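Residue numbers (this note's numbering), protein chains in the order written: chain W, 10 to 798; chain C, 23 to 324; chain R, 1022 to 1156.
Think of the hints as simulated: they come from the structure by calculation, not from any bench. Warning: the hint list may mix true and false statements.
[As the list claims (entries may be wrong)] Result set (DSS-like, lysine-lysine): computed pairs, CA atoms no more than 27 Å apart in a straight line:
id : chain 1 : residue 1 : chain 2 : residue 2
1  : C       : K315      : W       : K349
2  : W       : K473      : C       : K272
3  : W       : K398      : R       : K1078
4  : W       : K472      : C       : K314
5  : C       : K315      : W       : K490
6  : C       : K165      : W       : K485
7  : W       : K398      : C       : K163
8  : C       : K217      : W       : K490
9  : W       : K766      : R       : K1038
10 : C       : K217      : W       : K472
11 : C       : K165      : W       : K473
12 : W       : K473      : C       : K34
13 : R       : K1088     : C       : K272
14 : C       : K315      : C       : K165
15 : W       : K485      : R       : K1078
16 : C       : K34       : W       : K485
17 : W       : K398      : R       : K1123
18 : W       : K514      : W       : K529
19 : W       : K489      : C       : K239
20 : W       : K456      : W       : K140
21 : W       : K349      : C       : K165
22 : W       : K242      : W       : K508
[Stated by the list, open to error] Away from chain C, derived, C-beta distances all over 10 Å, residues of chain W:
id : residue
23 : D269
24 : K350
25 : Q352
26 : Y446
27 : E467
28 : M512
29 : D520
30 : A679
31 : N781
Computed from a prediction, not measured in an experiment: that's the story for all the values here. Ideal Cβ positions, reconstructed from N, Cα and C, are used throughout, including at glycine.
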Amino acid sequence: MTRIGVYVCHCGGNISDTVNVEEVAQFASKLPDVVVVRSISHMCSESGQKAIMDDVREYKLDRIVVAACSPQFQGSTFEKTLIKAGLNPSMVEMANIREQSAWPHYKTPENATEKAKVLTAMAVERIRKTKPVEREAIKIGKNVLVIGGGIAGIQASLDLANAGFNVFLVEEKPTIGGHMAQLSRTFPTEDCASCILAPKMADVADHPNIHLLTYTEILDIYGSVGNFKVRLKQKPRYVDPDRCTACGECEKVCPVSVPDEFNLGMTARKAIYLPSPTAVPHAHVIDENACLGIVPLRCGLCEQACEANAINYDDTPKYINLDIDTIIVATGFEIFDVRKKPQYGYGRFQNVITALELERLIVEAAEGHFIRPIGKDIAFIQCVGSRDKQVGNLYCSRICCMYATKLASLLKRADPSRDVYIFYTDLRAYGKGFEEYYRKAQELGVKFIRGRPGELQEDPETKKVIVRVEDTLTRKIIEKKFDLVVLSVGLVPSKGTLKIAEMLKLPRSSDGFLKEAHPKFRPVDTPVEGVFVAGTAQGPKDIPDTVAQASAAAARAMAIMNRGELELSPIKAIVYEEKCDGCGECIEACPVDAIKLNGKASINAAICKGCGACISSCPRDAIDLKIFSNDEIMAEIEAALKDKKEGEHRILVFADDMCTYTLADGVGTAKLNYPSDIFIIRVPSSSRITPKMMIKAFELGADAIFLGECEEAVSPYSGTLKVIKENVEKARKALEEAGIEGGRIQYSSFVTVMFPKFVNIANRLHEIATKNEISEDKRRRLHKIEVVE
Amino acid sequence: MKLPYYPGCTLKKNAKNFEKAAIAAAKHLGIELVELPRWNCCGAVSSLTSDDVMHHVAAIRNLIRVQQMNDDGILDNEYRLVVLCAMCFNVLKRSNILASDAMMLNTINSFMDTEPDYEGTVEVKHFLEVLRDEIGIDTIKSKVINPLKGLKVSAYYGCTLLRPREVGIDDPEAPTIMERLIEALGAEPVDNPHKSLCCGSYHTVGNKEVVARRTYKIVEGARRNGADVIITSCPLCAFNLDNRQALTEKLYPGFKRMPILYFTQLMALAFGYESEAGFDGNFVDPIPLLEKKGLIGMKVQK
Amino acid sequence: MSEVIHIGKEENELLAKVEEISGEIVTLCEQCGICTTSCPMADDMDFTPAAIMHAVKTGDKAVLDSKAIWICASCFTCTVRCPRGIDLAKVTEALRQIHLRKNKDHINLEEVKEEELEEDLPPIAIVSALRKFTG
């Protein structure tokens, strides 16, 4: 026995202008076990919520249905209302009659109203089957792993350490500092980059709460929030950083010279070297690949020269295991590989360099080391490797307009007789102080020409670089020979970013950088619980944005760890042990390795993402989801197909929460029309819809079915598309056996901006559903067909 | 190996020597080039509009011939069509790509109702591709009889061999396929910054000054890097770079002529088939230069 | 004297026609100018390739009377360099086709001088020229 309250919202006209809410309320009042029905102007308002709370008390309601906007919009509001009313927050279901009825079907108010009734009935039948799920909480400690020692990692580490958390900062290079340490000045203030970075690096080294692990590689990470097991390998430095005074005597005697990576190969270093002038730890390290030999024969010259006795040829790799509670990924960027654009002559023409190389030239020149001449006539070419379909990077790298303006300003100010040009398409000076800085550059005499060269050529005698460009503002083709051409290269995700993404199963956005859990409201969370991202690993950005993101990520990590325990999402898979026979099929089906076999299948709730891909793999029907369970979904399906009138058609669309459902809401919000015989059922992932369910739906009257899922690149789960494909193929086979067209089941993947694709598919489904009728006879035949799972 | 081959009009008329050289070179490498029966002109340029089906018919008809050669037993399951002319290659391959669209193919097949249907099985390949991918540079090297030592060769790619990307046989910005061939034949490849600068193509009819000026740029680019000769892979480029030097001389006093060879002529020479190379057909006479380098008048392989 | 152009629905005609014939989305052009300095014929053109794209976008019919669209040699260098991925060769072809489909040929074979044709012009040259310049 249950007592259900149904609340139909006018939404201030947003719903009631199209849907006859009184009719819907009337309809709802006749549904079994519905004790109270109200139609209210704004359900989400205080008065609306109070109505629910009062009714729960007065009428002893134990389940609530709110027919209003999308659960993605106000779902959490009503969950909180129920908690205040003393009910389990899972006991409310929202019927989406705004984004998925009133708005997209505003042209046909009658259809919209009828559909709203069905949606409400679906919600009532579903909530009837919902069990009050207790929220599980796990213990969380205070250990944070920060991967990457650039400015993002440094900032996050300091924030966390200052708040009393235990930070393990892991960096694969022998020093922290990242790319910021390589820069000359930073825009728009022209602060000296290493001058502002060095104190932070020193703080990291000194901080009692930060364990700095440089020259360290991550071997693997297993586990979940509150329980990550991390294996590290710290490479041998062969120099004891506590004894080394960085005096440099060893370098003087070392016989091996190799290109210096810090200076991008423009200068040489020895096999024993100080990684950078401001290196932290401030000590030398032996590059064992360049060194003449360490074991068993060694040249030994550096040891002889070292007065501090810091050299230790017997150093070995250290393997370290850590127990970590949360992780911050701050693995940074690399610059675009300009060799992918051979038409710019990098590598062929001696006077074509990248902007990062220019940064080093400027820093070294300021120290009195002149690596190569810079000259008088200098050109910057913008957007190299960005906004470029030909190399597959469609995005804008955000910082190049400003760094070019900065470099041009520095060069011009150092020698006003220089002729400095920036060849651009758009000058993006969007940030604080940027536009003013751009103006100053123009005042300095930096020349901005709107047009980019198709290619560069070299004058064979002088080796000057010939730049030919259409000044698109005057339509004239101009040509000039330059002493130096600087390519403003874009940013791409670093190899470390790609490696960690794979290790932690972090999805990447279409631009290749790490994907955030929600582009607006969760910009530093990854879809993996307990793992956060900061800095350019998430996308190109400048230093202020990186620092802000790093502090944000630190705060998010703190929010989880501070309370000592973390409440997990209740949407998890669960094994009914009495049905399980330990066959292990589910283990392979799980895309995140959350299932282990201990006699019976056992699910790690902290790792489980609640997609439900395991469900269709179980031959004993022993796995289900705690919420979005088989019973709940079947109840929704039945209610969606009930009371079909003559000539009516019903199409079911299973929409994954993250993408398809969001997309459907977006389509409705944009007031795009699609046929109203489409009923959307929200699921965490469409992989939870088994072939049996699809067949049952046809038995009950479905005319077409569609399964929508996130595209792989933006999916919070991975591998679910494969499961969906297999399930659909099995279901189609069964349909064909009964004489029904297999094409009545379709599936596809989406990202949330694909409005036209959704509308096209909706129209297509309507066509499929209405083209021919499925006879009752054929539907009955389905009952006898054995669906192989 | 027997491969069907499409000569195109020009290799049968003005550039017979290019074809003769190709056949000899191919034979030397163990390939029998079997000419397509009843082939027709491909159209020379690809129709670039999205709504034109008509102009692709001529190209597709040639691909049907390859199918027929297989059906008639002349070939045994061989659907790779070798093309010697870069422009023909571009046209045939582009039409073949469009024919992978079912509706387009259906329309073309229905239109040519007296021809068998094109089934989309043919792969269009330029001879250079076959040399690189099917024969291999090492094999070519091993078959050289008369290594072209001391000959500095600039590769000129032109446009239709490399562009657009879905048709091209190498990176349009940094191609290397012809340089690898040059090396394999024992000669020394030299760079040319204008190696894929358009020669002017069809402007040679009615606007030949445009072509003559491009010829100047391309030849001077090669000369500056020390080239003795330039090789091409398209008979129109060959004509434009070779014959138009007469006009180039008039426009640029002091311009010195440079021999332009077809890549198959270079191959024939390196394989010892001097007479098949047909150097008397080239406008700028290459023989004095080749004699000076000691590369002709050698023992001839029969 | 600057000319005032009243923009409105008329400008869509040229754009719509060119997009239809070429299959390319001309409005994607961001006027970076890379096509112009990739084009081997740009110095001989009255409208640069970027100007051609802009003219189509804004409905400037003067582009139809330009020399530029006929000087184009269909070399596809612009196509492989355009950062927006627009196939400019197809756009220029569409502009030529607007004339050619109305039987307004650009070359008249009878007018090409005798001596030119006798000059051993290979068939490839004649066929390609006629294909590009006649309807």
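Okay, the hints, checked on the actual structure:
{"no.": "1", "hint": "K315(C) / K349(W)", "in the structure": "violated, 38 Å"}
{"no.": "2", "hint": "K473(W) / K272(C)", "in the structure": "violated, 30 Å"}
{"no.": "3", "hint": "K398(W) / K1078(R)", "in the structure": "holds, 20 Å"}
{"no.": "4", "hint": "K472(W) / K314(C)", "in the structure": "violated, 33 Å"}
{"no.": "5", "hint": "K315(C) / K490(W)", "in the structure": "violated, 38 Å"}
{"no.": "6", "hint": "K165(C) / K485(W)", "in the structure": "violated, 53 Å"}
{"no.": "7", "hint": "K398(W) / K163(C)", "in the structure": "violated, 38 Å"}
{"no.": "8", "hint": "K217(C) / K490(W)", "in the structure": "holds, 21 Å"}
{"no.": "9", "hint": "K766(W) / K1038(R)", "in the structure": "holds, 25 Å"}
{"no.": "10", "hint": "K217(C) / K472(W)", "in the structure": "holds, 19 Å"}
{"no.": "11", "hint": "K165(C) / K473(W)", "in the structure": "violated, 43 Å"}
{"no.": "12", "hint": "K473(W) / K34(C)", "in the structure": "violated, 46 Å"}
{"no.": "13", "hint": "K1088(R) / K272(C)", "in the structure": "holds, 25 Å"}
{"no.": "14", "hint": "K315(C) / K165(C)", "in the structure": "holds, 21 Å"}
{"no.": "15", "hint": "K485(W) / K1078(R)", "in the structure": "holds, 19 Å"}
{"no.": "16", "hint": "K34(C) / K485(W)", "in the structure": "violated, 44 Å"}
{"no.": "17", "hint": "K398(W) / K1123(R)", "in the structure": "violated, 35 Å"}
{"no.": "18", "hint": "K514(W) / K529(W)", "in the structure": "holds, 21 Å"}
{"no.": "19", "hint": "K489(W) / K239(C)", "in the structure": "holds, 18 Å"}
{"no.": "20", "hint": "K456(W) / K140(W)", "in the structure": "violated, 69 Å"}
{"no.": "21", "hint": "K349(W) / K165(C)", "in the structure": "violated, 34 Å"}
{"no.": "22", "hint": "K242(W) / K508(W)", "in the structure": "holds, 15 Å"}
{"no.": "23", "hint": "D269", "in the structure": "holds, 28 Å"}
{"no.": "24", "hint": "K350", "in the structure": "violated, 7 Å"}
{"no.": "25", "hint": "Q352", "in the structure": "violated, 5 Å"}
{"no.": "26", "hint": "Y446", "in the structure": "holds, 34 Å"}
{"no.": "27", "hint": "E467", "in the structure": "violated, 7 Å"}
{"no.": "28", "hint": "M512", "in the structure": "holds, 33 Å"}
{"no.": "29", "hint": "D520", "in the structure": "holds, 21 Å"}
{"no.": "30", "hint": "A679", "in the structure": "holds, 29 Å"}
{"no.": "31", "hint": "N781", "in the structure": "holds, 24 Å"}
Checked against the numbered hints above, the structure violates hints 1, 2, 4, 5, 6, 7, 11, 12, 16, 17, 20, 21, 24, 25 and 27; every other hint is satisfied.
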